[in-house]
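Residue numbers (my numbering), protein chains in the order written: chain Y, 22 to 949; chain B, 2 to 114.
No lab work stands behind these hints, which were simulated from the structure alone.
These figures come from a predicted structure and were not determined experimentally.
Glycine included, C-beta positions come from ideal geometry on N, C-alpha and C.
Fair warning: there could be bad hints in the mix.
[To be verified] A short list of chain B residues far from chain Y (calculated; beta carbon distances all over 10 Å):
(1) 39
(2) 72
(3) 77
[Stated by the list, open to error] Cβ-Cβ distance ranges computed for the label pairs, FRET-style:
(4) 72(Y) - 75(B): 21 to 27 Å
(5) 62(Y) - 66(B): 24 to 30 Å
(6) 72(Y) - 86(B): 43 to 49 Å
(7) 40(B) - 505(Y): 54 to 60 Å
(8) 40(B) - 437(Y): 43 to 49 Å
(9) 75(B) - 69(Y): 18 to 24 Å
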Amino acid sequence: MFTPFRSVNAFASRIRAWLSPRRVDQDFQHELQAHLDLLTDENISRGMSPEEARRAARIRLGGATQLAETNRELRGLPLLETLFQDLRHALRMLRKSPGFAAVVVLTLALGIGANTAIFTLVHAILLKALPVGDPKSLYRLGDKDDCCLNPGLDNENGEVDIFSYDLYRYLRETTPEFENLAAMQAGPNVIGVRRGSNTQAQQSEFVSGNYFATFGVGAFAGHLFTDVDDRPDAPPVAVMSYQAWQSVYDGDPSVIGATFYLQSQPVTLVGIAPPGFFGDRITSNPPAFWIPLSAEPLLTRANSVLRHPDEAWLYAIGRVKPATSVNALQQKISANLRLWLLTQDSYTRNGGAARIPKLHVVLSPGGAGIQSLQQQSAKKLYLLLAVSGLVLLIACANVANLLLARSTKRKAEIAVRIALGSARSRLIRQMLTESLLLGGLGGLAGLTVAYAGTRAILALAFPDSPHNAIHATPSLAVLGFAFLVSLSTGVLFGIVPAWIISRGDPAEALRGMNRSIGDRASLPQKSLIIFQVALSLVLLVGAGLLTRSLRKMEHQDFGLQTNNRYVLHLDPAAAGYPPEKLDTLYRALERDFAAIPGMQTSAVALFTPMDGNQWVFQANIPGRPLPEPDDHHKELLNRVTPNFFAAIGQPVIRGRGFTEADNAPNSRFVAVVNQAFADKFFPNQDPIGLHFGSYDQEDIGAYEIVGVVANAKYTDPRDAAKPMFFRPLSQWQHELKDPTAVSIETQSHYVGSIIMKFRDTPRNLGALVSAALERVDPNLTVIDLHSLDFQLEGTFNQERLIARLTTLFGLLTLVVASVGLYGITSYQVTQRTREIGLRMAFGANRQRVIGLMLRGTLIQLVLGLALGVPIALVAAHYIADQLFIVKSNDPVSLSLAILALCAAAVIAAIFPARRASKVDPMIALRQD
Amino acid sequence: MPANKSEILQGTLDLMVLKTLDAMGPLHGYGIARRIEQISEEALRINQGTIYASLVRLLHMRWISGAWGTSENNRKAKFYSITKSGQKQLHAEAQNWKRISTVIGRVLRIVER
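Only chain B is shown next, with the shape it has when bound in the complex (with noise of 0.2 Å):
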């Protein structure tokens, strides 16, 4: 896996489970990855594995913390939550990312012209 792709999937994952977990409230990995899925129209089928290793990085960041539940089929899983922290950086990087779409869109632009 070239190194360069990988980081951009991480940080988006990253961002993407934040809001997801900012928007339904704590959630069990594989409910994270099918609402992923769902929203992005199953146009992102990501592996579900690769959800964890976006989870650690999020929990050493303590911007995410989990605790261990019942799913709603009656099975044991850990459900992850947004932290205080973690709602400020989501917000943060939501304005970059958004500042940062802008701008390239408007090299885009001016690249076409």
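Bound conformation, chain Y alone (with noise of 0.2 Å):
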């Protein structure tokens, strides 16, 4: 019957009546009133008085209002028109009472910011592909970040995620089942970068010259490089990313083609690549240049690693051709990469051919890049999720709570109304519909939240990153989860008062008004109230947690001293020393130094504690078997100038530290080993004078132990100091043949850090240092400088900001939970006003009065404790593993929560129960 063009027809007049209902009212009510003339009319004809023949008419015709009502739902719009009537009367309402309006929309405006600010890490981190074509045909050539581990390839499961260059080139021949494999840089790069006379230190990336092609992206402007730049006879170029080209050059044209000198060599700027693209992986320093692999020994020199099989330093991602089998692809390459490394003397002797039937390779999607900082940061992103989502359902509960209150008030009203013939589902959408626009308002209010929030956060865990590859900036999944949270948090708040509303007994409620003497607060409340009190303690008990564990962490003994003391990272390798010239160099970083006002001791270091660098060593002991090669427990290394413990303060235990007899040419190898070394290989004996090597079969027994410092964290601040060894930065082992073993102890030269400990600070600290490093040699640059302290405690910035968060989140939803609980209390206090009077009249004294309107919020209290113990106790055992010495039973968090809503609890209920204790018996009674 409903033809298409009749149904439009429908809905066109539907449409034009709706536009002007005024009219078409008019219209009917005329009609109507001609009907009724006419029956009039008829009735008279027949003999009746025009009074009744009027009477009898309109009980023909039916009931005016009603016909009215049919009319218009019939003729307009009627689903728009009661949802625009519903609205209206909404915001009249909230207009009504603005304190209650803008405490849920504040409530809410928290609850759904706090949770969009979290969702858009979580979209922007974790479920964000790369922005390249066609993501979902990328493969990685492993799934953990074993970044840089010297010389290691393969993790504790046998899996090899990082390869040396010649490594990869074998598996790029070997697997035509890929368009194309490229390889990328494992580890961070901070490079020279020189255009005309300024200089700047910038993230780089080596990767092979079909990376580009890999991830489908075309240039910006210019040209993106291709294999054939990655030759080794090829004249070296690079590529820029559009942020950096907008941000450090302004965007301007002449970079491209031009010549920037790159750790001081003449490499050429082909292109820049497209806006969106940030690299292999999401990071808060994106590269601001990559260079083809070709490049690498030009720019790295004596460093260079490309052409040691042995050293893996790449990651590689690659596009499979279509209908590709992922597994068999996977098997291939393992029994590739099995292949190869028994034909590496390196990875073979010293038993280590038994081990490379283990190793394997798994295929991971790679759409979304390297997931280093995925992994890293996604159990705090979900613990950041869930401690949110806590403070919405909090927020939840409380609006629910308030709107309860409020609905009660309005009881009579809508007594009235229900009396007067509103239907019922009218009033349930009228009251879904105003729950709707709080949570609509509260999403609004959220997003500015969220955004000012997201911003902070960002800001807070990734400071010193100029070119953040993760954004603020909502995106349209951001927005939906906001409207979608607020949609739902709109149906999950105010569904409970519009059912309350439905099954109220019109004829009670209007018998009831005003003279209710026991009508406590409704179970609904109550059960809100212990809900909200419950889930407060678990968020504070994790607040309690993580600010502990944190406070542990800061605390700690680094086994250092901090005070005055200050780190500057350099690169001369950027500066483009040659091995040979080190030594001078560093006597004249000394010497210079030195002379800087206020300066007490200053010393060079391969690396300083918690910068981010690791050189890691296997020490062999003469008389003992080697270390199986697969023994992941190694050894770090430091190699340090004569005043370094001095000037990072590690005092020396047993023994001495490095003099200057130790720079004199053909002086004896030494080093000086920390206890926990002393401790895993000399147990029970005085180390000094042993001796020990760390180039397998290289340098047996090469160094003496002259001394013994005390333990210093040096690394992962979670974990005990690590054992550990230093020598002289002025020592070279020539002796050396193997040339893996030649390139690492060249490299271990090329010092990344001076350790600076002063009197006291001067003011100009920043001026007079970099004018100390000019005066060495215009080419150095400061690539950062920041105070020891700042450097320990960079290391706990997510940490930091985790507990931060959660500690806001707890003290916030404890305010929220606070004005619950008050709002009940005094919502009982005016229900009970007359109970109250009555019991004064009859003799109760006011603390009598007082502990009665506690005792409820004290019942109330003490259930969601008791429902809130066990949660927060299973919720803490999850976080477990975040947690630093502080267990996660940990008996004073749990108390010191428990203090606190106790606190908040009384505080918030003490004032309407005074205020009810001040009631006149006499007013009292004769209210109402």
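Both chains come to you apart, so use the hints to assemble them.
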């Protein structure tokens, strides 16, 4: 019966009616009037009196109001119309109680904002694919972040994730299943970039020539390099990221084709990558330059690893051809990997061949790139998501409670409306419209909170990252998420009040209006309060645990002294220093830095504590078997100048530190070890005078231990100090033969930092240090300069952020829950004013009244705590691995949380209770 | 009002209104209601207001049209008349109705046996 044409007709006529409702209404009224008149005429002609005739006519026609309503529904767009009516009504109700509206919208803005902010991060970091063509057909060889272990190839599971250049070439040539297989540097790489007189330290990445082709991205300007540029004889080129081009060179088109000096070597910049492209992984510091692998020997010179088949330093991502079986490909690559390893002496010697059959490659989806940030932060992000989810639940419970209290206040109004014939469905719809409107307003406010929040979180989590690839701008997915959250929030907190209204009996409500004596807060209201208390406790316990854990981490003994100590990072390789000139450079640095006013002592070191670097070796003790090749418990090496231990504040506890005598040419090789090293290799033995080496067979017993220093943490602040040995920076093991050993020995002379201890810190420290560096060599750049304290604290950035956010959320929900408790107590006081008056008239004193009022609140508090403690303990168990020293069932955090909740509850309840006790019985009884 | 009952009533009422307008020419709401009552020999005493719901529905479908005019006893009233497509619809519905009533009659006979 309904052909489309007809329903279009009907719809058009409905729209017309909807657009001019007044005219249609009037028209209809006239028509009805005419009908009535005709009926009346007929009745009169039958002999009725005019009065009677009109009455009979009205009965015959039916209720005029209902008819008009039906007519309106049939003619207009009823759903839309009632929606607008309900919206207008809701807005009017909210305008009438702005305080209520403000509290609700703020509470919701907090809940929705927190969730949207965290979801923005989750989306930007965990859910996004790289902005490249067809990310689904990209696969990575390996799935872990085993970056830069030296010379580690496989991790504990026998998975190989990181490759040498030769191995990459071999795998690329033996797997035609890949359309393209690209390689990229695994570790971060800061280089010195000079154009004209402007020198800067910038992130860079060595990548294979087919890198851009593999990802399917084209140039924004100029052109991107290809395999042709990645040949040993090709002139060196580079591609710049769009962001670096914009922020560092102001989008200057003349840089394309210009010569840049990267690590002091001339390189032609051939093009700019597209704006969205930030490389092969999401990171806070994406590369500003991509350079073909073939230029690596030129730029890193003595430190080059390209031609060392046993130096694994590349990750690999490939685009598979359509209809390739990933499983079969994985088997094939693993087999090829083992074949290649068996041909390599460095992997087969010393019993290594026995391990090769266990080694394999796992192919993982590569559409999101190298997922190191994802793997590092997933757990923390999900923790934050859970925390913000709790905040939202508490906010919803609170708003539901406020709405309930309000709807109870409106009970009389609603009873009257039901008695007058309002449909219950319409009332429920109205309540829901109101809560959805509140949800929507909360969502809008929440988006603002979220945007500001995300920006703040990013700034706190990743300071020092000008080109951060993670953006705070809400994406479409985020907006959708916020909308969905607001919508479900509106339904969630609106459904309970609406449900209660629909069950109310109007007669009873009208009878009981203003006369309730025993009417206490309803069961749903109490349950909501209990629920809020329980969830708040969970949040507070979490906040307590994380904060205490952070405290323990920050205030732990690193084994160092930090007062008046500063660390400068620099890169002699970037300034073009060949190995033979390094000694002179370091002497000059020591001399010129000693002359800085206020300087007590300074030293040059390979790396400093918690600056993200580490050098891992295997110490070999003469007469003992060489460690297994898969022994992953290795030792740290640092190379330092004689003043180092004094400058960093690490005490020498036995023997001596390094002296000028160790700098003399042809002095014997010496080493200082830490206590953990001595305990590992020489328990119950005095290590002074004993020998060890660090290059396998190459240098058995080469170094003599001359001193032992106390333990200090240089890498992971959560672990105990690792066994570590120190060697003088000026000593060279020229007798080494193995090319890899020679290369590593050379690299270990390219320092990264200068540590300075001042008597008192000069105010213009930065300028003084830059000037001193420039006096030594104008080509040297300050990569960064921070206090040692700052550097140590920097490792806790994310922990601090999470602890602070959780604490912030915990405190806010405490406030929200207190407001809820306050509201419900004062509501009870209002409801029971008559009862209180009666009780006081019968002789109850003020204390009894206060006690009476507090009792209800305290019962809810206790029930909430009883529910919350087990939940909190279970929840804490899940974050146990995020905690340092603090146990997940930490009694201090638990009692502090309970105490805070109790205090807040008592404060929230005491004011209304005192108000109750001041009730004048005469006035109370005369009320209503 | 249970939905199923009203639905049957609606459909039937719409059909009756169409038929009345087809047979009698332009009529106002009161006239239509009276006519239906007369034809059914007062067996169908409808709440006269319901006629207007039916008229609105038919207007939406463009099966009838309405215009203001003057009634026999000189009162201003809105007169409705059937349109071309209304006549087509009436024909189709009448056929349909006949078919259904035959079928139902047959079914009822089977049940009685």
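Outcome of the hint check:
| no. | hint | verdict |
| --- | --- | --- |
| 1 | 39 | holds, 12 Å |
| 2 | 72 | violated, 7 Å |
| 3 | 77 | violated, 6 Å |
| 4 | 72(Y) - 75(B): 21 to 27 Å | holds, 22 Å |
| 5 | 62(Y) - 66(B): 24 to 30 Å | holds, 26 Å |
| 6 | 72(Y) - 86(B): 43 to 49 Å | holds, 45 Å |
| 7 | 40(B) - 505(Y): 54 to 60 Å | holds, 57 Å |
| 8 | 40(B) - 437(Y): 43 to 49 Å | holds, 45 Å |
| 9 | 75(B) - 69(Y): 18 to 24 Å | holds, 20 Å |
When each numbered hint is compared with the structure, violations occur for hints 2, 3.
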